[in-house]
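Trainee: Protein chains in written order, with the working numbering: chain A, 2 to 487; chain B, 656 to 842.
Just so you know, the hints here were simulated from the structure itself, not pulled from any lab data.
Being a predicted model, the structure only gives us computed values, none of them experimental.
Incorrect hints may have been included.
Unchecked claim - Result set (PhoX-like, lysine-lysine): computed pairs, CA atoms no more than 25 Å apart in a straight line:
hint, chain 1, residue 1, chain 2, residue 2
1, A, LYS450, B, LYS826
2, B, LYS718, A, LYS445
3, B, LYS800, A, LYS445
4, B, LYS731, A, LYS395
5, B, LYS740, A, LYS450
6, A, LYS395, B, LYS739
7, A, LYS462, B, LYS693
8, A, LYS450, B, LYS739
9, B, LYS800, B, LYS826
10, B, LYS761, B, LYS800
11, A, LYS445, B, LYS826
12, A, LYS445, B, LYS816
13, B, LYS826, A, LYS443
14, B, LYS800, A, LYS462
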Amino acid sequence: MKLYPVRGGIHPEYRKEQTSEKAIVVLPMPAALYIPLQQHIGAPAEVLVTRGELVKKGQMIARSQGAVSAPQHAPTSGRIVSVTEVPAPHPSGLPQTTIILEPDGKDEWADLPEPIADPFAAQPQLIHERVAQAGIVGMGGAAFPSAVKLNLGTQKKLDTLLLNGAECEPYLTCDDRVMREFAGEIIDGARIMAHALGTSRVVIGIEQNKPQAIEIMTKAASAFSGVEVIGIPVQYPMGSERHLVQAITGIETPARKLTADLGIVVHNVATARAVHHAIRFGRPLVSRVVTVSGGAIREPNNVLTPIGTRIADLVEFCGGFAARPESIVNGGPMMGQPLASMDAPVVKGTSGILALTAEEINDRPASACIRCGSCVTICPCGLSPVEMSSFIRKDNLEGAAKLGVMDCFSCGSCSYVCPSHIPLVHYFNYAKGMLRDMENEKRKNERVKTLAEVRVIRIEKATEAKRAALAARKQTPSNAEEKTNA
Amino acid sequence: MWIAIGSLTVMGIVLGGLLGAAARFLAVEENPLEEELKAMLPGSQCGQCGYVGCAQAAAALAKGEAPVTLCPPGGKAVIEALAKKLGVTADLSEHEEKVPEYAFIKEDLCIGCTRCIRECSTDAILGANKLMHTIIIDACHGCGKCVIVCPTDAIVMVPVKVTLGNWHWPKPEVRHIHPNPDVVHAH
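Excised from the complex, chain A in its bound form (with noise of 0.2 Å):
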């Protein structure tokens, strides 16, 4: 299959290797477990349990409020401790309403859905209704709750179905292990998502730095008609959905539009899995595989964790820290952000907890520019990074905004490549929730001179109709009087 360029992008030191041949380990159960009502885009699913309520594992703990949200489901079986505020897996530390769960350390499931027998007979309609069901999100790391996104089929006009199992971030390997072990779970589960799609294509994206995975899967592909396995170009970021649909089409995605405009939907290996296991055995996502690694850590390694694992227990599970960690970075580093607190959990969109010592960040104060142009030309959006950030350092957004920041997705290429160091990511991540809480404000403030309009509007209302009764009731009496003469 012919492959086409993608603009800029860098070539970074992978070191996947610490954890790249190890086998998935199972986490054995934590004390606690901590569950996030929100662990995906959209809004916070809704408490279906009190304190001291017994669950079984698999069973709806929380469930999904509005047309974008994912319910969270218990991921073992046990008593829960409390409903409370935990701080999230976020770089503010800020708290989010959790559910805390002791296990019994039976592990005993709930009943489930049925199994669907013959899932390529099913209406789509079923399969969307299981996945969202399920509680299954991006595993990618996005979190962008699958079912919705399984459903753009019924609304646009759709011919592959194109996973994602590019991995290009340096140190993560938990996506290249699952298509290593359960290279079958993900075909069958891509096939089940292409038939709920309508899409007769499936093509499954892999970096040529994982070449035994390439060949598993090329493998387990082989007997399905309409599966291709594709190795791609080693280029972070490649992973990115944008980015992956252009190399493989050659076509790039119009700035907020999504891809499924160009007939195509990207998910990822591990959604892929987690669908299989939804649809073939009724169980929702209730554990995922995590990658613990970077220089800190003692014993890196690809863990299966349940979800709501504290991220201070799976570090001590993977022997602790071996030196001084500078940054605890929830994902990968180029796109992942610094954890405030270990005691954050892990949720369905954590690909990987490392621990990065001071020589590995290489944190060292910014200079002035000298105008190279390096970020200009690797920029993998087309931006001019150099110029964005004087007009940010200005506090002229506008200027920003005008030069495409927010088609900016956070990659961190220009901030990796700059010779000077500016933190040009962090200059456009500032500028993006800055121009997005004017955005806000804007919105606001429209609703509040519509409802001061309105209310004017009511006042004078009221006070013609006051004065219309009094009228009335003037005219009233000389009315009464004159009958009363007649």
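We have chain A already, so just place chain B on it with the hints.
Mentor: Same frame as chain A, now just chain B:
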């Protein structure tokens, strides 16, 4: 050809004259700047600037009688927009950037007098005579007029909470953008 040139010249003079006369005798008295300025203001008629409403404030701004910093709920964004429109430089030294706030009623102190309800220009307060009142946060724009009229000091302004939904990265602090300033001046 001469007829064409002549007739076009005559037409040009006559029509131009008509337009000129129309511009003089049929001129709209309203200052278009006022409308534009009014659109920039929050429009909630809170009256904190000292004028009756936003239209009057816009008129004063257009005449240059009021400073661009007059609108407290508008914040820095409105000041900058006004300054840009009027071509003046805003003096932000006096301006204290307030964090967004909303009004909150302490329920045990509320006596149900409805004074705040009458004062609220966006209908953000819900309640009735001798019944406890409450604030609809989404409709409150934090003008603080209700705080002033409350006879029992039951209303306080509280800052809008930072949540996971509205948090964003702060502006990066660049420590050494000029590593050695002396070198720059050495020749």
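Trainee: Does the structure keep B:LYS800 and A:LYS462 at a Cα separation of 25 Å or less?
Mentor: With Cα atoms ~24 Å apart, B:LYS800 and A:LYS462 stay inside 25 Å; holds.
Trainee: Would the hint linking A:LYS450 and B:LYS739 be met if the CA-CA limit is 25 Å?
Mentor: holds, 22 Å
Trainee: So if I understand the rule, the pair passes when the alpha-carbon distance is 25 Å or less; does B:LYS826 with A:LYS443 pass?
Mentor: holds, 21 Å
Trainee: If you draw a straight line from the CA of A:LYS445 to the CA of B:LYS816, is it 25 Å or shorter?
Mentor: Given pair A:LYS445, B:LYS816 holds - Cα atoms ~16 Å apart, limit 25 Å.
Trainee: Assess, step by step, whether the Cα of A:LYS450 is no farther than 25 Å from the Cα of B:LYS826, and give holds or violated.
Mentor: Violated, because 31 Å separates the two Cα atoms, which is more than 25 Å.
Trainee: With a cut-off of 25 Å on the C-alpha distance, tell me whether A:LYS462 and B:LYS693 pass.
Mentor: holds, 24 Å
Trainee: Please work out if B:LYS718 and A:LYS445 have their alpha carbons no farther apart than 25 Å.
Mentor: violated, 29 Å
Trainee: B:LYS761 and B:LYS800: Cα distance at most 25 Å?
Mentor: holds, 16 Å
Trainee: Regarding the pair A:LYS445 and B:LYS826, is the alpha-carbon distance no greater than 25 Å?
Mentor: holds, 24 Å
Trainee: Hey, B:LYS800 versus A:LYS445, does the alpha-carbon distance stay inside 25 Å?
Mentor: holds, 18 Å
Trainee: Between B:LYS740 and A:LYS450, is the straight-line Cα distance small enough, at 25 Å or below?
Mentor: It holds: about 21 Å lies between the C-alpha atoms, which stays within 25 Å.
Trainee: Is the hinted pair A:LYS395 and B:LYS739 satisfied, with a Cα-Cα distance of at most 25 Å?
Mentor: Satisfied, since the Cα-Cα distance of roughly 16 Å is no more than 25 Å.
Hint compliance for this structure: hints 1, 2 and 9 are broken, all remaining hints hold.
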